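Colleague: The chain contents come next:
Number of protein chains: 2
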Amino acid sequence: MASRTPSPTADRAERTAAPDRGAAGERPRRRLSVDERREQLIAVALELFSRRPPEEVSIDDIAAAAGASRPLVYHYFPGKQALYEASLRRAGRELSARFEEPMEGPLSERLYRVMGRYLDFVQSHGPGFAALLRGGSVAASAGTSAVIDEVRRAAHDQILSHLAIPAPSPGLRLTVRAWIANAKITSLEWLAERSVPLEELQLHLVQEFVASLTLTAAREPALAAELASFFADERPDGPTGRLVQDLAGLFAVPGILDAVTALAAGPQTVGPQTVGPVDEASAQATEGTAGAPAE
Amino acid sequence: MASRTPSPTADRAERTAAPDRGAAGERPRRRLSVDERREQLIAVALELFSRRPPEEVSIDDIAAAAGASRPLVYHYFPGKQALYEASLRRAGRELSARFEEPMEGPLSERLYRVMGRYLDFVQSHGPGFAALLRGGSVAASAGTSAVIDEVRRAAHDQILSHLAIPAPSPGLRLTVRAWIANAKITSLEWLAERSVPLEELQLHLVQEFVASLTLTAAREPALAAELASFFADERPDGPTGRLVQDLAGLFAVPGILDAVTALAAGPQTVGPQTVGPVDEASAQATEGTAGAPAE
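Read top to bottom, the protein sequences are chains W and D.
So in this note's numbering the end of the first sequence lands on 295, straight run, no missing numbers.
So in this note's numbering the end of the second sequence lands on 590, straight run, no missing numbers.
Be a bit skeptical, because a hint or two may be false.
As the list claims (entries may be wrong) - Listed next, the stretches of chain D that the computed footprint assigns to chain W, with coverage defined by at least 3 CB atoms under 8 Å from CB atoms of chain W:
1) 349 to 357
2) 372 to 382
3) 456 to 469
4) 486 to 493
5) 509 to 515
6) 529 to 535
7) 555 to 563
Simulated from the structure, these hints should not be mistaken for lab results.
Please read all numbers here as calculations on a predicted model, not as lab measurements.
For each residue, glycine too, the CB sits at the ideal point set by N, CA and C.
Taking the hints into account, I'd like the entire structure generated from these sequences.
Modeller: Following this line, the structure appears as structure tokens:
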């Protein structure tokens, strides 16, 4: 159906609706091929769907913005949902392309550049897709979920390939996925409130990745060597260097270093206490259905 | 509509469909009041919707499990979606109740107990609601979004009240929201793969909160005093103490301490380089539409 050649009627309507389009009208308008027209409609739809939620964009809006008639749009797409999904697929491909980064230089700087491109994308396409990405959009479907999953997988695979760890553990994979979710949600929250400058967010997200990676290595001794070479490659003026300096500044604050040093010394084995609070609460939580609040 | 008194017909159908329910039949069955019946249907629906996605649960399944007739169920609820939303609302209330925790003891231990109850809930109710929480469920609606938002807000408010910081900054609020999103996504990922023990996840999520809080304080000097008193209250055998000990162990690994110490020393101001990689990439990212990949 979508591959039928546009009918003369639809094409006439198209020309009538768009008398002033084209590059300043300096040459006669070339008629778009079927593929070109399809791509143009997707591009126009993406532009509109990026700025407004799908329920606020009509086929008429898309037709008007594309200089096409309503029948012509229906000629290519069975309805708004199909056009929405096609534009989301294109957005997904564009976004995934932004994750590609040469395997050169300190890891946190690579991620920082990727996050710059990602946040730029969020800023320009996010407003319309935010509801979908947050969950609960009327336009959510198996098709939209598949696109979102694919972008998530692209991000995950890029990060793991840059980490260059031969057999990533389940814990490390979970860390990467959790950070991707964190980046997504944080950027959507930012979009709604813009409560901090975008460049701060860019730096924070990268530093949170570094912190998560460090925490994962603290739990998994097998990752310690990888972490050592990660830190060795970092530069003092990169995101990791800045993070380390900020933390060093923080630990210079009266009280913090003392408290942390006391914690690092570990439990003192004096007195009758043999079960730590963690074991105690853990036992309570894993008693199955007995995990409800005690009050 | 839902408050109409059940008709004699519906009630007869109910009794016929459930001849053997009640406490082992040792006393005559008391007829349920309208409210009780409604609550019972919600409880039964919640049980079914917790185990299977909504598209795999029918009104007939719910009627059979409740020992009621199909017309009786329709008597109380206009359709499956209404029953789904009612059961989700109840799940939301149960979950929010699990966030309540006395304001006593080290903060990380409070959060650890809450996470035990939360993860227990995820384990028992998550399988059916996972698709909804991930986004992309056919049952997603304005009603379900409102419930999810409310649970998120309850979590957010609980955490901020335990932090007891008079006027939380936008950065701190963002940290809390991002961590809540992280906890949600991580637990859903865990549910799908169960790649690490649940108690590990419980500890990791709490430690990630501590790390995020520390990172936020490193960026916001106004939080340093709060962080000092946070660390002072923590115990060596609690989640924070264990984290500090794990990190101390990690930094004892050859190479890591040296690399981190070099980073902490900051950029050496020798040579012509005046613009660090962070400023460079940041400038690139904030040039607006020019943020696309350079290649």
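Colleague: If you check each hint against the structure, which ones fail?
Modeller: 1, 2
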